[in-house]
Amino acid sequence: MKNYDAIVVGAGSIGVPTALALGAAGLRTLVLDMRPSPGQGDNKHAIGGIRATHSAPAKIVACERSLQIFSTWQETYGDDIEWQKGGYIFPVYRETEETVLKGYLPVQQQYGLNIAWVGPEEIAAAVPGINRIDLRGGTIAPDDGSASPLLAINAFYRRACALGVVFRFKEKVSRLMVEADRVVGAVTDQGEYRAPVVIDAAGAFSGELARSTGCAIPVMPESHEAGITEPVAMFCPAMVVDLRPAPGSKNYYFYQNRHGQIVFCITPDPPILGTDTRSTSVFLPQCCSRMIDLMPRLKNIRVRRVWRGTYPMTSDGSPLVGANREIGGLIHATGMCGQGFMLGPGIGEVVARLATGSITSDDQMILAAFSPYRDLTCQEEALK
Amino acid sequence: MSEHRIHRHPVLAVPDRQAVSFTWNGQPLQGYAGEPITSALVANGIQVFGHHPKDGSPQGIFCANGQCSQCLVIADGRPVKGCMTPLCAGMQVESVEGLPQLPADDAPVSRQPIDTIDIDVLVIGAGPAGLSAAIELGKCSIPTLLIDDKDRLGGKLVLQTHKFFGSVADSHAGTRGFRIGERLAEEVEALPSVKVWLNTTAVGVFADQVVGAVTGNRYRLIRPKKLMIATGAREKMLSFPGNTLPGVYGAGAFQTLVNRDLVRSSERVLIVGGGNVGLIAGYHAIQAGIEVAALIEALPEVGGYKVHADKLRRLGVPIFTGHTIVAAEGDQRVESATIARLDEKWQVVPGTHRTYAVDTVLVAVGLSEVNEFAVKARQFGMDVFTAGDAREIAEASAAMFAGRIEGFKIARSLGVDLGEMPADWETKAAILKSKPGKTVSEHPPEAETGVFPVFHCIQEVPCNPCTSVCPIEAIHTESDLLTGLPYRDDSKECTGCLACVAVCPGLAITLVDYRKDPDHPLVTLPYEVWRERVEVGQMVAVTDREGEVLGSFPVTRIRTKKDYPGTLLVQVRLHRAIAKRAAGIRLQEPALEPPFVYENAPLPDEAVVCRCERVTAGEIRAVIRAGVRDINQLKALTRAGMGACGSKTCRPMIWRIFQEEGIDAGEVTDRVDRPLFVEVPMGTLAGVEGGECQ
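Residue numbers (the working numbering), protein chains in the order written: chain A, 400 to 783; chain B, 785 to 1478.
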């Protein structure tokens, strides 16, 4: 049996950057994942948006750190992760959304987010071809952006490997080993590994993992579908988010990636619970209709592929990050509610500092907000 | 535009079509209304449709089948697949240089809801298998929807100008492929319970057990009780330097251009691959007036039917076995191709490189099943049936019979009381799929009196038309097996009617008549190429079975049989010493040895594997050597397989590189395939109206 300083369960959006941060802190770290390579769970289902445009301070701060890491990655480490500073734009057509978005501006600006409410002319200039009928304006956060989840996780993975982190793929963790109320390692279908710290970065499978220790972690997977088009010349690098509801769906959003492809996604309403990731026939007509109503010129772009992934949801739409109070050494970093990709690098560093006992005041604020023991019955975060 | 059109053809009728004007990058051109844009372009001598955004390399026709997206052009402002988009009068077509601009067409749209259609059986693909299945279902009055992405029924039968092998009773043997397609289509159209949607592409199958299909600009969802997949095959590709140059494409694409669209797409071709597809493509090229520089095959022997290979050899096409293509060369399109000999370890033998001046390289290295629908639909719990190449690559004759069997099974599964399936059906289906058997040496009849056929058919293939047409029932196959070689019952007196000579799909039967002059018998040879090149009195080069010239002799008579107008029965008077050896007429002069020996074979690392994203073998090999064993990760890192075609072309080549690197297939995780299988405009998916030819 091999001994490590820390074991990370899950080589996805959270697990890989967390392992990278643990490796950078000098911990001998092992990452276990049941899939054959990094990011093969729900990381690759992410469409790649990275924003600090949230309503909750903890998310704003965590994502600002993530943005820093994503946006400087290439100059620091050399790998192109297709970072694109396209900004996030929330166009607004109704008073309801105007009130909501304007209401968040003070807290967003207080936590350092570069965001402003602009009029319809500025929205139309930034989103060419947007439907101008009833367009009231909207918010623009120019420092938000996007990157390729596929390239980013492989870049983080290579960096983690260079720091000595060990990855074992195609190994499913069957249970965590607990002795005297402390976690001491993990058992997989191929062996046992010991470490005094175990990080739960298992996403949709966190509930199952926690049950192996007799604890409950309230992560409920639900599914969302996404799609990607053929590439065309760049015209809309910003992530456009339409918050209006429609029959069968809540918001939808899309942007054009560095290759010129439009990547798009919609939030079904009511939510579709479960871990089924097989594409349905409902998604394309539903999402394409809404996108074309917003931007008619999209009617001529061709959809290339669709997919469906799971959001590990919590009841209030915020992650579960922090130490397990019943089992010493077990740290949860899960329940990212579909924001694992953008939260990953920031949260990874917080978790590493928590594991090494070196948290900052910002970390304390984040850990308080994301505590697995907070009152989870509160209303869902508005810009979830 | 006449230079690149086929105005007459020895077998196919050339229809009258409506000429329309269109523009290419502003230049006025003529084409035919309704023909694919790319065929109109090729007919105008335009082979380069644009340049790839990644490396600026030229792009041209590749699959001609709506699968690969290499033929992307801008038609009236919209990016479209040129091979699937019909030409309209006044269309403004432009090349795609880098990424296309999305037109700023910002007027709000009106949308219709997307219909969902419930049907007992959905048959995807109206080729030999799909048509045969639909006929069985229609005979049982089962509500059936038959969809196909082309503008006519028949699938690849439409492209086949040769007479079919197989069984007369079960698969229309002896009839030309396109005629079989027409007959099956007529049968389907007469069945009231079978609805046909042409120009309809099945674009995806979804977890809610629904198939998405696009007709023109209209998207519909189909929810069948039973799903029949008869989607056929796609061509495998080879990785070699220059393989993305316009002019390198599949033999099937070539047949589409030449035989369906009647475009004379090339002057001179090199064919890579000696299976039936390559051999037949060579034959089709010559019928279309296109020279075949050579046909090469990596194996020590051609894999296709010997009669097909012999037909080509007799016409003067050199066939080089144990050879591979090393590279295609050219600036904007293929200007030459280099081949080399392989040793027994599949390594190129130094100094054996030869370069041919050709404008086209036809790749015919095998087919793979179009099975993504079947795989997904089964994952989604649908009741799926498959037949034809979508299930197992074999001849069209086998596909027809398999379609019939599956149609029968579907009808029974829907509760139609059909009793047990006839006991011999599965056996017959298996025989029709037989690979060519052993080759025996020829034993011509010893007699030199009277009149009788000589069979130059010395390899067992499933075929029996000759047995069915003999008016005195004197022709049989050994042991009466479909795969048995033919022989004549000497006890019956041949009348010299020529029916067997005319029907033989392999053109492997001649008639020798000693009755007038036993020393100089009259020999009748079947011939299917250019009628005007053979006239009575003209000297023709008569060859033996494998193409060796026996001498030049004047034509004494030309006849045709009513049912086989495309097969000329050419009579020559030969000396008795060679009469029974004579088998055909040479058409093209044997190619001269190429003058230029190509010594520096480029590194195969340069060869493109993923055409859509222009990912080379070297890039893929580097990632594999860095330890990647998950094709999903390989895709994430290199973009191989991320393009329009969805890895239809590169997947087998990527697997081959893993194999070349000595990696056990068990270690490698295959990629996850997702809908859509074909790109669809967002407007179509959203139910936006319009967008078709006015």
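Treat the hints as calculated values from the structure; they're not laboratory data. Don't take every hint at face value.
As the list claims (entries may be wrong) - To spell it out: a stretch of chain B is covered by chain A in this simulated footprint if at least three of its residues, at any positions, have a beta carbon under 8 Å from a beta carbon of chain A; those stretches are: (1) 860 to 868; (2) 911 to 925; (3) 945 to 959; (4) 1215 to 1226; (5) 1270 to 1281; (6) 1461 to 1467.
None of these values were measured; they are calculated from a predicted model. For every residue, glycine included, the Cβ atom is placed at its ideal position computed from N, Cα and C.
Hints and how they fare:
no. : hint         : result
1   : 860 to 868   : holds (count 3)
2   : 911 to 925   : violated (count 0)
3   : 945 to 959   : violated (count 0)
4   : 1215 to 1226 : violated (count 0)
5   : 1270 to 1281 : violated (count 0)
6   : 1461 to 1467 : holds (count 5)
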